[in-house]
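Chemist: Chain residues, written in single-letter form:
Number of protein chains: 2
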Amino acid sequence: MRTRPLKVALLGCGVVGSEVARIMTTHADDLAARIGAPIELAGVAVRRPDKVRGGIDPALITTDATALVKRGDIDVVVEVIGGIEPARTLITTAFEHGASVVSANKALLAQDGATLYAAAEQHGQDLYYEAAVAGAIPLIRPLRESLAGDKINRVMGIVNGTTNFILDKMDSTGAGYQEALDEATALGYAEADPTADVEGFDAAAKAAILAGIAFHTRVRLDDVYREGMTEVTAADFASARQMGCTIKLLAICERAADGGSVTARVHPAMIPLSHPLASVREAYNAVFVEAEAAGRLMFYGPGAGGSPTASAVLGDIVAVCRNRLNEATGPGESAYTQLPVSPMGDVVTRYHISLDVADKPGVLAQVATVFAEHGVSIDTVRQQGKDGEASLVVVTHRAADAALSGTVEALRKLDTVRGVASIMRVEGE
Amino acid sequence: MRTRPLKVALLGCGVVGSEVARIMTTHADDLAARIGAPIELAGVAVRRPDKVRGGIDPALITTDATALVKRGDIDVVVEVIGGIEPARTLITTAFEHGASVVSANKALLAQDGATLYAAAEQHGQDLYYEAAVAGAIPLIRPLRESLAGDKINRVMGIVNGTTNFILDKMDSTGAGYQEALDEATALGYAEADPTADVEGFDAAAKAAILAGIAFHTRVRLDDVYREGMTEVTAADFASARQMGCTIKLLAICERAADGGSVTARVHPAMIPLSHPLASVREAYNAVFVEAEAAGRLMFYGPGAGGSPTASAVLGDIVAVCRNRLNEATGPGESAYTQLPVSPMGDVVTRYHISLDVADKPGVLAQVATVFAEHGVSIDTVRQQGKDGEASLVVVTHRAADAALSGTVEALRKLDTVRGVASIMRVEGE
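Residue numbers (UniProt numbering), protein chains in the order written: chain A, 1 to 429; chain L, 1 to 429.
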């Protein structure tokens with residue numbers, strides 16, 4: 001075994017970074033045995049150097065992240081500060097100065113992964129980011145490597161723990177959105193400003209990353225259709241239950257049937273209770289992968305948290321260090337298919353539409369005609385009348401999202417339709 | 001991209017081999033793009049050269065496997081013939097002649113993996129075997145690489161599809177073992193001689209491989225405790241149901257509480273219906289991994305079949321080819337912990353014991369005394385009397401297997417105990 005240590009610099013020392021540093025110290029012997037050389041924490045860049053950081057030599061702490069990544073003797077830079085800048089510049093600077101990078105930065109990878117990959121390749125360095133999607137769940141490596149000889153057609157998953165916790169609460173207790181969010185906040189599952197989670201931005205970034213890897217093309221955050229889950233109601237869960245379904249916020253990446261394009265989207269959806277994703281409780285994540293030869297695979301585990309994320313980061317540190325000892329690099333960007341990303345209107349799926357209608361004869365015929373005119377075929381209709389008002393729940397067969405939008409627009413114009421109470425996609429046949 | 005192709009030799013062209021050859025042809029462009037060079041099928045060794053093999057150039061077919069692996073121009077030898085010999089000699093000969101090896105041979109890896117690893121290392125070649133455990137489910141790579149920075153404490157899984165199909169049938173239809181086996185055979189899920197599956201040999205080989213990787217030590221097939229599932233009865237399922245459990249054939253690899261040893265075992269066990277493994281139906285496989293930092297992960301998918309296994313083989317072919325272009329090798333054997341494998345008597349778990357006893361006062365007191373004398377603490381007792389006979393179902397707290405064996409031996413000697421109807425371990429708290 002080589003005795004000269006490989007040097008690791010940490011950018012950020014919050015929940016994840018401090019756990020990475022702790023495990024590097026407490027499990028130093030194991031890591032050295034697995035890598036074939038010891039690793040050494042060579043510097044830690046933080047914003048607030050006066051904050052007490054248990055177990056980390058104060059001499060390693062610096063506020064000058066740029067100087068740290070420029071040192072030239074660093075083997076691996078671990079970026080766990082998040083956000084676009086200064087993270088992007090620090091990462092590209094690290095590559096320029098001969099370091100490989102392990103990142104957990106989903107926002108940056110989704111927005112500008114191509115720039116990072118190009119810089120890594122230009123300087124012959126590794127870019128690893130298992131921790132960016134679904135925390136500790138090995139997902140990036142299985143997609144990039146284990147399934148590298150297969151053709152992935154679909155990736156569908158619960159990739160945000162906060163929203164899954166909220167939806168699971170709503171489902172199991174009958175609580176409304178706000179009440180469930182309050183509980184998630186009180187328990188530390190939701191941040192004070194939960195926007196990134198509940199509006200689906202976090203999941204959309206992960207969807208972009210997963211779609212790019214799965215289909216060997218470039219998918220950016222802006223390419224991902226996004227709907228949050230703040231408008232999911234207890235009534236929606238009741239409707240879902242009647243259909244033998246539950247509601248999950250899903251990230252769905254699909255190859256079009258003709259193979260010529262891909263789509264990526266995040267939205268709440270009903271899925272059958274028999275689907276493996278339906279039983280993913282609390283803040284757990286799970287991702288379902290459908291590949292041509294492999295069939296249906298599922299990966300399940302904790303999607304966030306300091307320790308699980310640190311586990312993923314450390315796995316990448318070990319891989320990058322092994323590569324360096326081998327004087328090799330791992331797989332780089334694979335975007336050779338150059339498949340375009342189609343707009344949401346092209347997505348084909350099923351829909352659950354709940355309408356408030358006048359309780360008089362002929363309404364169903366009118367509504368059915370509108371669906372037919374837009375080429376949307378109806379699977380089931382359920383009608384419930386009460387005091388001159390009625391609700392009509394329509395579940396469609398598979399139809400293009402654009403056709404469904406046109407249908408809903410036309411329905412709103414009917415005198416007999418008082419309102420469209422909810423529209424929700426139905427996934428996981 | 002390099003234009004000179006990497007050469008792949010196939011040893012065996014059955015269900016898996018022919019599918020590997022087919023995908024190599026139909027997806028040649030994708031594979032070339034992902035590897036960075038084209039790959040070419042350079043030879044196929046079979047036993048029966050006259051059998052029609054669709055899509056494979058007859059000029060590639062040979063019966064001389066030894067000559068094929070000795071050719072010297074082969075980059076990757078894919079071994080899908082199974083069994084110990086001639087597979088072992090062919091693999092080591094391939095290494096000697098400058099080829100890396102992708103194998104799906106669980107029996108050989110479990111019995112003599114160390115020899116293969118040593119030969120690979122001596123000749124600077126790769127040994128990959130994702131397909132040897134749980135078919136298409138990425139499991140070997142996540143354990144060897146993604147979790148390389150973590151400490152795995154437990155691997156527990158359903159790794160044999162045939163037995164899961166049989167047990168699932170027994171559970172869902174109330175069928176007995178033989179009836180369920182007959183259905184599995186008729187549907188092609190069980191072989192004409194199902195011994196390797198139903199007696200747990202197949203699962204034990206996988207347990208040995210998983211334990212070795214998870215704990216970075218050597219675990220051989222002989223180290224794995226093994227009990228088949230041929231004696232599981234409909235009555236056992238009824239008992240399990242009463243406890244809110246089902247029965248699965250599990251492969252369980254554990255690190256001892258003191259960290260100084262490991263155990264590996266295969267046997268039928270009751271697990272709570274709420275456990276993720278309980279809902280694994282039909283011939284699917286799933287493996288639950290508990291790691292110190294990552295927490296609880298689960299990997300789920302098809303555990304066998306030509307296409308899923310071929311997917312795993314092709315992922316390994318891509319990895320090995322990338323390594324060759326990099327002039328590097330992937331991770332080799334990691335057995336540095338040299339943790340000993342403890343015997344089954346040291347395993348600590350819970351037990352469900354069903355006794356036929358005389359229906360008279362004092363029996364429970366006698367039975368409880370025997371448990372106490374052996375240091376096995378009782379969790380619950382259920383007593384049912386009928387016509388002077390009674391059954392007593394005891395569920396214990398956690399106890400060492402040796403203590404439980406001693407208890408059962410002593411129970412058999414009691415006059416009031418007419419027989420021990422069943423003993424089953426209870427897992428997945």
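Hints may contain errors.
One copy or any two copies: either way a pair holds, since identical chains are not told apart in the list.
No farther apart than 25 Å at their CA atoms in a straight line, the calculated lysine to aspartate or glutamate pairs in the DMTMM-like style are these [stated by the list, open to error]:
hint, residue 1, residue 2
1, K7, E327
2, K151, D29
3, K360, E227
4, K7, E292
5, K360, E199
6, K7, D401
7, K51, E199
8, K7, E429
9, K151, D30
10, K151, E40
Bear in mind the hints are in silico, worked out from the structure with no lab data behind them.
Chemist: If a hint holds in the structure, say so; if it does not, say that too.
Modeler: Do the hints match the structure? See the list:
1. In this assembly of identical chains, the alpha carbons of K7 and E327 lie at most 25 Å apart whether taken from the same copy (15 Å) or from different copies (24 Å).
2. Only between protomers do K151 and D29 lie at most 25 Å apart by alpha-carbon distance; the minimum there is 12 Å, versus 39 Å within a single protomer.
3. In this assembly of identical chains, K360 and E227 lie within 25 Å of each other by CA distance neither inside one copy nor across copies; the values are 34 Å within and 67 Å between.
4. For the homomeric pair K7 and E292, the shortest alpha-carbon distance between copies (24 Å) is at most 25 Å, but the shortest distance inside one copy (41 Å) is not.
5. In this assembly of identical chains, the alpha carbons of K360 and E199 never lie at most 25 Å apart, being 38 Å within a copy and 66 Å across copies at closest.
6. Taking the shortest alpha-carbon separations for K7 and D401, neither the intra-copy value of 51 Å nor the inter-copy value of 46 Å comes in at or below 25 Å.
7. For a Cα distance limit of 25 Å, the shortest separation of K51 from E199 qualifies neither inside one copy, at 32 Å, nor across copies, at 59 Å.
8. When the C-alpha separation of K7 and E429 is checked against a cutoff of 25 Å, the pair qualifies neither within a copy, at 49 Å, nor between copies, at 41 Å.
9. In the homo-oligomer, the alpha carbons of K151 and D30 lie at most 25 Å apart only across protomers (9 Å), although the nearest pairing inside one protomer, at 36 Å, exceeds that limit.
10. Proximity of K151 and E40 under a CA criterion of 25 Å is satisfied inter-copy only: 19 Å between copies versus 39 Å inside one chain copy.
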